[in-house]
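Trainee: When you get a sec, could you build the whole thing from the sequences and use the hints?
4 protein chains.
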Amino acid sequence: MSVVQLSPRVQALYDALVAFVEDECIPAEAEYREALGTGAQRWAAVPPVMERLKARARALGLWNLFLPREHAEGGGLSNYEYAVLSEVMGRSLAIAPEACNCSAPDTGNMEVLAKFGTAAQKKQWLEPLLAGTIRSAFAMTEPGVASSDATNICARIERRDGGFVVSGRKWWISGAGHPRCAVFLVMGRSGPGAASGSSNNRHQQQSIVIVPADAPGVTVGRPLTVFGYDDAPHGHCEVAFDNVWVPAENMVLGEGRGFEVIQGRLGPGRIHHCMRALGVGERALELAVARVQQRTTFGRKIADHGVVLDYIAKSRMDLEAARMLVLRAADMIDRVGAKHALKEIAMAKVVVPAAVLAVIDRAIQLFGAAGVGPDTPLAELWAGVRTLRIADGPDEVHARQIAQLEIRHQNARRRQRQTQIQGQAAQPKL
Amino acid sequence: MSVVQLSPRVQALYDALVAFVEDECIPAEAEYREALGTGAQRWAAVPPVMERLKARARALGLWNLFLPREHAEGGGLSNYEYAVLSEVMGRSLAIAPEACNCSAPDTGNMEVLAKFGTAAQKKQWLEPLLAGTIRSAFAMTEPGVASSDATNICARIERRDGGFVVSGRKWWISGAGHPRCAVFLVMGRSGPGAASGSSNNRHQQQSIVIVPADAPGVTVGRPLTVFGYDDAPHGHCEVAFDNVWVPAENMVLGEGRGFEVIQGRLGPGRIHHCMRALGVGERALELAVARVQQRTTFGRKIADHGVVLDYIAKSRMDLEAARMLVLRAADMIDRVGAKHALKEIAMAKVVVPAAVLAVIDRAIQLFGAAGVGPDTPLAELWAGVRTLRIADGPDEVHARQIAQLEIRHQNARRRQRQTQIQGQAAQPKL
Amino acid sequence: MSVVQLSPRVQALYDALVAFVEDECIPAEAEYREALGTGAQRWAAVPPVMERLKARARALGLWNLFLPREHAEGGGLSNYEYAVLSEVMGRSLAIAPEACNCSAPDTGNMEVLAKFGTAAQKKQWLEPLLAGTIRSAFAMTEPGVASSDATNICARIERRDGGFVVSGRKWWISGAGHPRCAVFLVMGRSGPGAASGSSNNRHQQQSIVIVPADAPGVTVGRPLTVFGYDDAPHGHCEVAFDNVWVPAENMVLGEGRGFEVIQGRLGPGRIHHCMRALGVGERALELAVARVQQRTTFGRKIADHGVVLDYIAKSRMDLEAARMLVLRAADMIDRVGAKHALKEIAMAKVVVPAAVLAVIDRAIQLFGAAGVGPDTPLAELWAGVRTLRIADGPDEVHARQIAQLEIRHQNARRRQRQTQIQGQAAQPKL
Amino acid sequence: MSVVQLSPRVQALYDALVAFVEDECIPAEAEYREALGTGAQRWAAVPPVMERLKARARALGLWNLFLPREHAEGGGLSNYEYAVLSEVMGRSLAIAPEACNCSAPDTGNMEVLAKFGTAAQKKQWLEPLLAGTIRSAFAMTEPGVASSDATNICARIERRDGGFVVSGRKWWISGAGHPRCAVFLVMGRSGPGAASGSSNNRHQQQSIVIVPADAPGVTVGRPLTVFGYDDAPHGHCEVAFDNVWVPAENMVLGEGRGFEVIQGRLGPGRIHHCMRALGVGERALELAVARVQQRTTFGRKIADHGVVLDYIAKSRMDLEAARMLVLRAADMIDRVGAKHALKEIAMAKVVVPAAVLAVIDRAIQLFGAAGVGPDTPLAELWAGVRTLRIADGPDEVHARQIAQLEIRHQNARRRQRQTQIQGQAAQPKL
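Residue numbers (full-length UniProt numbering), protein chains in the order written: chain A, 1 to 430; chain B, 1 to 430; chain C, 1 to 430; chain D, 1 to 430.
Take these hints with a grain of salt, some might be off.
Note that identical chains are pooled: a pair holds if it fits in a single copy or bridges any two copies.
Here are the simulated lysine-lysine pairs, DSSO-like style, with alpha carbons at most 27 Å apart [unchecked claim]:
#1 K339 x K122
#2 K339 x K314
#3 K314 x K301
#4 K54 x K122
#5 K115 x K339
#6 K54 x K123
#7 K115 x K54
Simulated from the structure, these hints should not be mistaken for lab results. Predicted model, so just to flag it, every value in this text is computed and none were measured.
Mentor: Okay, structure coming up:
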């Protein structure tokens with residue numbers, strides 16, 4: 001499955017997780033969807049089957065696996081190891097990540113609190129998140145603003161009355177609709193120079209504060225649909241912060257350090273998204289492979305039409321190449337840190353969604369009308385993966401970054417070789 | 001706009017239609033969507049704005065334009081001319097086609113009745129359809145069957161009690177959910193040899209009968225979603241026909257002639273779908289062009305990032321090439337008939353949706369999160385166009401047909417040239 | 001074959017040309033290639049078969065067809081009509097265009113002389129070119145300069161001794177190697193402000209002069225290869241102009257008017273290139289269709305492998321869509337002039353080579369090793385078409401222009417509709 | 001650079017090889033090309049610089065690195081380790097592999113002899129090959145035969161006079177033109193049932209024999225060009241075997257075991273080709289990155305045009321994903337053997353050439369005319385890599401195999417899980 005061999009302990013986790021996902025999560029998907037119901041009901045409660053599966057995952061030791069090795073509460077896994085497990089969870093995207101308390105955006109938020117939180121912040125928010133009794137959201141994207149360049153963010157976080165007042169409108173806040181969503185990490189401009197937006201400190205103007213969901217002035221608005229899906233019960237909502245006061249100790253890491261926080265949060269988080277997406281792609285390919293062996297057109301089993309074999313081969317190649325890129329990025333994070341794996345992370349971020357979308361699209365085509373409708377998971381999975389080409393920065397921004405890092409890297413390499421060669425030339429030849 | 005010049009009369013229709021769509025239909029889209037409401041309400045009534053616009057279109061002479069020139073009631077337009085107008089309607093896909101009484105599946109059904117219907121069938125069904133007082137559906141696709149090969153269709157149409165009894169389950173029946181859907185054209189197997197499915201008469205086993213929507217035994221079931229969208233109020237529904245009796249005079253054209261009927265219906269109909277889809281693509285490109293001039297990232301207007309210009313150029317090229325293919329197919333139908341334009345129709349059918357999907361996808365990318373959500377029409381339009389790669393036969397089946405026609409054509413051409421050359425060789429050279 | 005019907009006269013030309021190309025040019029290709037020989041011999045003489053076919057084409061009235069209707073000596077064809085014929089010549093790219101005296105770069109040069117030449121220039125150079133007794137070259141591209149932006153061109157054309165002195169180095173000068181190449185049109189900077197390159201008159205600094213090939217100081221250097229092919233006997237050569245003096249009357253149109261000249265030259269010329277390339281694509285597809293019916297792998301005729309049918313269908317669609325774009329651009333030039341067809345010409349310029357390359361590439365793949373080697377024309381044709389993505393400006397520059405024209409067009413259209421609407425609003429409603 | 005860390009010994013080899021390739025091979029390319037000359041001279045002698053670099057590589061311990069660890073004479077490297085080094089050699093494709101005695105087809109032939117050769121065969125042929133004093137060729141592909149299905153091969157190897165008589169015509173025999181090519185491994189049909197070609201033993205009819213290049217009846221014919229390149233001095237030639245007698249002991253492994261031999265030969269060999277191709281891609285990307293920082297168009301450095309950054313990013317992603325696939329396949333061969341890595345090898349075989357061709361194609365586009373000509377290595381490298389989509393089986397055959405292996409794998413996996421689940425179900429729940 002992977003170039004780097006798994007340790008016996010991780011292999012055991014992997015096997016347990018595969019069994020849990022295949023035998024318990026996937027079979028529970030229909031019940032879960034059924035229990036969600038329609039209309040307002042969809043946001044009112046979590047289907048009971050989810051609580052049952054959470055308990056089960058916990059009992060199996062498949063809980064909080066995401067938390068990196070330096071935090072004792074978590075799985076103690078390397079990014080590489082967790083990536084491998086993450087893909088398995090992605091095979092039952094609606095169920096498994098939440099059942100294992102490994103679903104976005106909570107994982108990122110928990111990492112932020114574990115890494116940067118004060119003892120009090122950890123006590124109040126990290127502990128119930130790790131226990132799976134509350135959920136959380138990350139409020140960054142704003143309507144009317146090109147958020148792909150995060151210096152454009154313009155919610156305000158201002159000192160007042162011994163604390164901070166948060167004001168602004170956010171949207172696409174994933175998880176905000178969840179009945180248990182208890183806390184927001186909110187990004188906004190703060191500090192004296194914030195208003196001016198002068199370019200020399202554009203990366204020191206953003207801060208992140210903790211805002212309880214029940215603080216006066218917080219209003220969770222309409223859930224936005226992704227294509228036509230509402231992704232209840234967590235959803236992607238509009239959230240208004242109207243003069244919301246929080247105590248000073250709710251600041252994370254310090255004023256003006258918002259970029260530091262999100263950079264720590266986004267790197268490994270992107271890997272997780274990518275690996276889950278690969279699990280989605282594997283599921284789609286499996287469905288397609290099963291389908292084409294069942295039906296007949298024009299006197300041949302569908303699987304005997306050459307173009308169908310070509311689709312399957314392309315999908316397998318797309319998934320395999322994409323997976324290797326993610327595993328390599330994960331391995332780089334483990335070995336040299338996310339800061340030195342920026343290019344590798346960005347490549348995975350761009351390549352994986354494109355690959356998985358192509359795989360699902362081919363599967364849809366092989367299913368015909370059933371592929372775009374509600375009786376296979378394909379269309380909904382496609383819609384979910386489509387957002388990954390935009391979320392956390394659109395493809396185009398990441399591609400630009402990859403190219404700039406490549407140019408810088410090659411220039412440095414050329415200079416270095418020239419220095420070496422000149423050094424050699426300067427030595428007397430004996 | 002087109003290689004073939006429009007006549008003054010059609011140019012006037014074109015100008016009137018452009019003004020109607022731009023100034024009345026597109027501005028009414030929000031009101032229409034609003035009026036649709038939520039839940040069961042969405043299927044209960046047509047938003048009043050639609051009736052208002054239907055009256056308006058009729059007053060402007062923009063009514064039933066689709067009906068080919070041999071039918072006096074219609075626009076008397078050639079396929080080429082109607083194709084050009086069809087694209088304009090596609091710019092406001094949710095409103096304009098229905099407002100002009102030119103929306104699928106009614107256009108195809110009206111064509112069938114106009115072409116093959118008896119006087120009584122025309123009186124009872126064609127007249128109210130042309131008047132826009134009722135709507136209709138075409139019931140062909142079946143669950144559990146590879147309908148891309150229509151010989152697989154297995155609903156039964158059996159003679160009984162001086163009429164026919166229709167039994168079977170259909171799905172993806174577009175328009176079946178509409179509050180005014182009054183009639184179905186149903187395809188099924190009929191005649192003595194139908195059950196055996198012997199291969200020598202596989203194309204003479206299907207028949208099409210007219211089934212009133214209120215006939216006992218007709219049950220319209222759940223509306224299927226397309227990437228989460230229900231497409232209310234017309235929808236795509238499951239429909240059960242449980243021993244539905246209809247009088248013998250409801251048979252269309254004659255038993256076993258179903259393939260003749262759908263072939264007449266599908267050819268020009270595909271052109272209409274394609275041209276409407278191009279209108280969708282134009283709308284998406286316009287939205288994108290407007291968008292990229294409004295926002296700034298990384299110190300530049302989005303439109304100044306080279307990759308954005310590249311997207312716009314690609315989209316313009318995709319649309320232009322696809323449009324030319326459709327216009328050529330339309331022109332071929334006009335000049336030599338749909339039967340001799342099979343390859344051209346199939347090419348348009350394959351190329352157009354792919355082109356338009358690419359255009360919308362790029363627009364989504366330029367809009368970021370707003371592109372996948374409910375505040376731009378992009379995601380819903382994408383979902384609608386995506387079905388065109390499957391509806392009326394998936395891409396793969398059409399590609400296969402194109403290749404086979406190409407091989408046949410080249411072989412014939414080679415044989416013909418050889419005959420010519422041999423003929424020349426046989427002549428005495430003087 | 002085309003949306004616009006051909007007139008009886010042009011249809012007759014078309015039929016005669018098809019017969020000439022299929023029955024005389026294609027069969028002569030092997031003899032021609034053989035006669036070219038190897039080494040220096042390849043540049044020494046034109047194979048006799050070419051003179052024979054030139055006489056034949058002239059006798060058949062298939063001579064100078066390219067010359068637009070305003071010049072009596074030529075075919076008197078519209079751009080659309082010539083485009084259709086051009087494709088036929090492209091089917092035997094090495095033979096037919098030259099045999100019909102319709103090959104680049106002579107056609108463009110003859111157009112320049114016909115359009116802008118003085119009576120003396122026409123007498124001296126246009127007449128023998130039209131008679132096919134001499135050939136010509138166009139010397140614009142320079143080594144070490146990004147010639148895709150023609151303002152970068154830096155050869156000098158300076159007044160001296162009652163004439164001009166031309167100095168500079170050019171490369172990729174197609175046709176310069178031809179044993180009969182008698183004249184160059186040379187582009188260079190001239191006039192007082194030329195040296196400064198100040199930006200306000202960057203488009204008035206280039207001039208074009210006529211330089212006889214035997215003028216002292218003209219040196220034709222090595223022929224450059226295109227993917228290993230030397231394209232003898234015409235070739236693409238380095239040419240040095242070392243203080244070459246020409247009389248003042250050799251200036252074309254006037255000093256500083258070089259951009260005017262090349263713009264007139266390039267528009268329709270691009271259409272010709274594109275249509276010839278489509279002829280190349282058709283030839284490749286025909287070869288592939290014949291091939292796949294002859295061989296067997298894994299127990300099936302190659303044509304029965306589904307992916308092969310998919311290739312053929314894709315190639316047919318690629319060619320058809322590309323052809324329609326070119327014909328439309330040709331038609332636009334005829335109806336509104338090349339200046340108002342810039343976007344359409346640029347689109348054809350980008351889309352056609354990509355389409356034809358894809359078609360040849362698939363054909364190569366179906367031929368296996370024979371496809372990349374010397375025993376089919378595929379590899380050489382591919383190499384030739386590949387240069388079209390660069391020649392006369394790379395794809396990327398044309399795409400940029402398409403996007404900018406699109407944005408401008410949409411902005412104008414929006415402003416115009418707003419003015420209309422405001423106009424209507426301002427009128428008193430009676 | 002790679003997920004699996006290199007051992008200190010291999011890292012040292014890697015560093016030495018990088019220095020050798022960058023500082024000695026690449027700078028020697030121009031001299032090598034120059035020395036090759038023109039015409040017949042190109043096949044007469046190896047440029048002296050090659051012998052100098054071979055001596056140098058040997059002195060540096062960079063010799064025969066390809067030979068797997070079980071053969072003492074070689075580098076003793078794993079497939080993974082050699083793959084990493086192979087890429088470095090690919091950076092100077094014309095020089096480095098031959099300088100290090102690691103070039104195809106000799107590596108494959110040496111592996112065959114090392115693995116399957118008798119002591120006498122090793123003595124006579126393997127030793128001088130390992131010493132780099134002779135070269136060799138592998139004669140399999142035949143004109144007029146769909147060799148992608150090797151059961152179609154029809155040269156004959158018949159017992160006569162205590163040995164074998166070889167008769168047949170081969171083409172595309174790489175290395176046959178080399179002045180030192182001393183030996184051929186020839187594939188052909190042999191044994192009593194060979195003529196009938198009955199299907200039940202189609203994979204036991206092919207044999208491989210050793211044929212000295214100077215055996216009477218061996219004629220090396222014209223070198224075939226790849227696109228326009230002759231790849232002198234090794235070349236790809238037609239070779240005729242006219243009743244060539246060889247002693248019985250020249251049979252490799254045994255009559256009818258030809259498929260066994262080529263399967264052992266092709267697996268790891270494909271990985272080597274792929275990795276060298278990646279080195280080619282890296283070289284092309286480097287050239288492009290340097291180029292775009294040097295030139296200016298339309299008032300901006302080329303590297304500042306967004307589409308250029310997009311090209312660079314795409315090229316980096318293509319190379320990275322492709323490399324990871326090859327390394328994974330290499331690792332699989334090391335761990336489970338080539339037989340169990342068929343799918344992984346086939347994926348690398350398909351993905352790598354496509355990726356590298358795209359990278360070179362973008363580089364060509366960024367170089368403009370220089371990119372298709374003789375002054376950059378790009379066009380020649382493109383032509384060389386293009387053959388990899390055909391050599392050792394075309395993409396389409398490998399894709400078909402990938403899909404069939406995938407279907408088989410998924411079916412096995414499903415059956416296995418069902419067995420497990422049934423097994424669990426059968427256990428009493430306590």
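Trainee: Looking back at the numbered hints, which does the structure fail to meet, lowest number first?
Mentor: The structure breaks none of the hints.
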